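**Student:** Quick note, the sequences are listed as chains A and B, same order.
The first sequence: position 5 = 5 (the numbering used here), numbered continuously.
The second sequence: position 177 = 1177 (the numbering used here), numbered continuously.
Hints are computed from structural coordinates only; laboratory data are not their basis.
Keep in mind the model is a prediction, meaning the values are calculated, not measured.
Ideal Cβ placement from N, Cα and C applies to all residues, glycine included.
Don't take every hint at face value.
Claimed, not checked - The calculated DSS-like cross-link candidates involving lysine-lysine, where the alpha carbons are at most 30 Å apart (straight line), are:
#1 B:K1121 - B:K1233
#2 A:K178 - A:K316
#3 B:K1335 - A:K194
#4 A:K178 - A:K192
#5 A:K194 - A:K38
#6 B:K1179 - B:K1121
#7 A:K38 - B:K1179
#8 A:K312 - A:K220
#9 A:K192 - B:K1335
Unchecked claim - Pulled a few chain B residues facing chain A out of the computed Cβ check, cut under 8 Å:
#10 L1122
#11 S1126
#12 M1145
#13 V1332
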Amino acid sequence: MPTTYLEAIREGLWEEMERDPNVFLLGEDIGVYGGAFKVTDGFIEHFGERRVVDTPISEGAIVGAAIGASFMGLRPVAEMQFADFISCGFDQIVNFAAKCRWRWGAAVPMVIRAPSGGGIHGGPFHSQNPEMWFVRVPGLKVVCPATAYDAKGLIKAAVRDNDPVLFFEHKGLYRRIKEDLPGEEFTVPIGKAKVVREGRDLTIVAYGAMVWTALEAADKLAEEGAQVEVVDLRTLLPLDRQTVIESVRKTSKVLLVHEDTRTGGIAGELAASITEAVFEYLDGPVLRVTAPDSAVPYSPPLENAFLPNTGKVLEKARWLWRY
Amino acid sequence: MSAAPATTSHSSLHSGDPVELVHKCLYYMTLMREVEDRIERKLYRQGKIVGGVYVGRGQEAIPVGTALLAEPDDVMLPSHRDMAVLFIRGVPLRRIFAQYMGREGGLTRGRDGNMHMGDLKLNVVSIISALAATVPVAGGIALAMRYLGKPGVAFSYFGDGATSRGDWHEGVNFATVQKLPVLYVCNNNQYAYSTPLSAQMACANVADRGPAYGMPAEIVDGNDVLAVHAATKRALEHIRAGRGPYMLECKTFRMTGHSAHDGAHYVPKQLFEEWERLDPIVRLRSKMLANGWAEEGELEAVRAGILREIDEAVEWAEQCPYPDPATLLDDVYEKP
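My request is simple: use the sequences and hints to build the entire structure.
**Tutor:** Take a look at the structure:
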């Protein structure tokens, strides 16, 4: 029976709570209601109110409380109802949690789960990809799984990590993506990208929902004779530059894809890293397919124009392949 | 549950040895005054402290009167004018000076300055510059205490200005909804940098806000250490009985500018003069002498001892090396 991306996160959390009595959840509507997306459905019945804490609408208090609880040896997993609301807890994350270990040696082993991403007609405040706000904050870890396997393995690794981890789960993948997961226990290491499709003509680098877009484009290009390699970043911070660079060394051409907006997206950082490391291996310009620099629109024709899709990736990839 | 009037302390010494208590209070208040004077009026002016300096001159009764009642399991979240909390928790004086001087021996090993320090082994949490940020953190600590079945209380300190921040509201609201063991200690020193209270909030007292959260809040004479101590005792009885948070609004006055570089020209002179007469250290000394709890010479000897302690600590800090730049990236993350 295949497991969806959403169920994979749920299973990962459930297993970690069964394994470690110091793991607990807090967030808005996560208990009795089971969470806006039902990720924590059934948790309060099984684990009780002590370990599944419904909070007021207070992202600052949720993150602050998670920090405080982690000082006491607990392992809080905080839910932002939508990643868009994480800005309300921004100071606690970037000024408090991120700097504690470095400043005064206090570990903050907390996880913040944040459902992000567009394609669900959520409009400007229920569709954003805010990961890059945090990727430039040393001390944080930022994880963006694309598959059910990685979602489960990475949420379990995040809970066990001794640094603050932001776990961006793509809403568009929740029920769309499913696969058979191993019966035995597993985790996926934070900070490691993965080559999810091998090829030698061109590398496409993506993360989150765009991994699937990249794979679709790779399938289509295979029909045209191109062997496309696809790298799933999986973690944005710490960034696994090495896996990307190794792939580019092999293919000499790279297309960087993200659903996030263009300026300040991870593609810019990767483009710089690639030219610094393997400029002499490049056989074409480093290209990007990203959302444009606007807010995420609501109306379907506007949202379709905003989001990167297989057609847009295919067009750039084909051009680069033939370059 | 409305804001209570200012309390006095005449009958407050009902347990423990009252004479021992007043001596302790005087010692820690004097230590804080002298340490901060050394920092602000000497080391800073000598260029031995390169960053911002924010002192609690005139406010010493608040951290002392409260923190002396903390049990070892309690967790302290002092604000930037609460240095005595560190002394009472056992942070060594020499490490405090090293912190201010950016030396390796400071609690943050030169990574941060001034009161931005903490030590979880001593149950002290470091503040950050964004005021009130520790208020929600105090709630999380208290939540964890209850979760773990530990008996502690989180002592959450802040100034009047911090109560304008959303984090303050969110933190207090969360803790009161959850009925968590948190003691809120407001040092209302009437100025937030240059902004007077009247431009900070429309209600007369910070304590007026308590009832809005379903939380008892009382106004205390923040320049009377025994009043602060007695009020803290009442508050802790309430909190330790499992009845949720309690707030003390300690009325005081900031006898300096916001920081060492601020001459506070915006503060009417007569306010400084009025509050000078209410100096908490002078008041306690007078009371001790009047009640025969101490003799003049004895108190002078205590102050002389404090100055020696400070000299030794400063000497240690000045000899402490600066941090090695090669360590800059250590502890951004846990070592793998």
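**Student:** It remains to establish, for every hint, whether it holds in the given structure.
**Tutor:** Hint-by-hint comparison with the structure:
no.	hint	verdict
1	B:K1121 - B:K1233	25 Å, holds
2	A:K178 - A:K316	28 Å, holds
3	B:K1335 - A:K194	23 Å, holds
4	A:K178 - A:K192	22 Å, holds
5	A:K194 - A:K38	29 Å, holds
6	B:K1179 - B:K1121	26 Å, holds
7	A:K38 - B:K1179	27 Å, holds
8	A:K312 - A:K220	12 Å, holds
9	A:K192 - B:K1335	16 Å, holds
10	L1122	11 Å, violated
11	S1126	5 Å, holds
12	M1145	7 Å, holds
13	V1332	5 Å, holds
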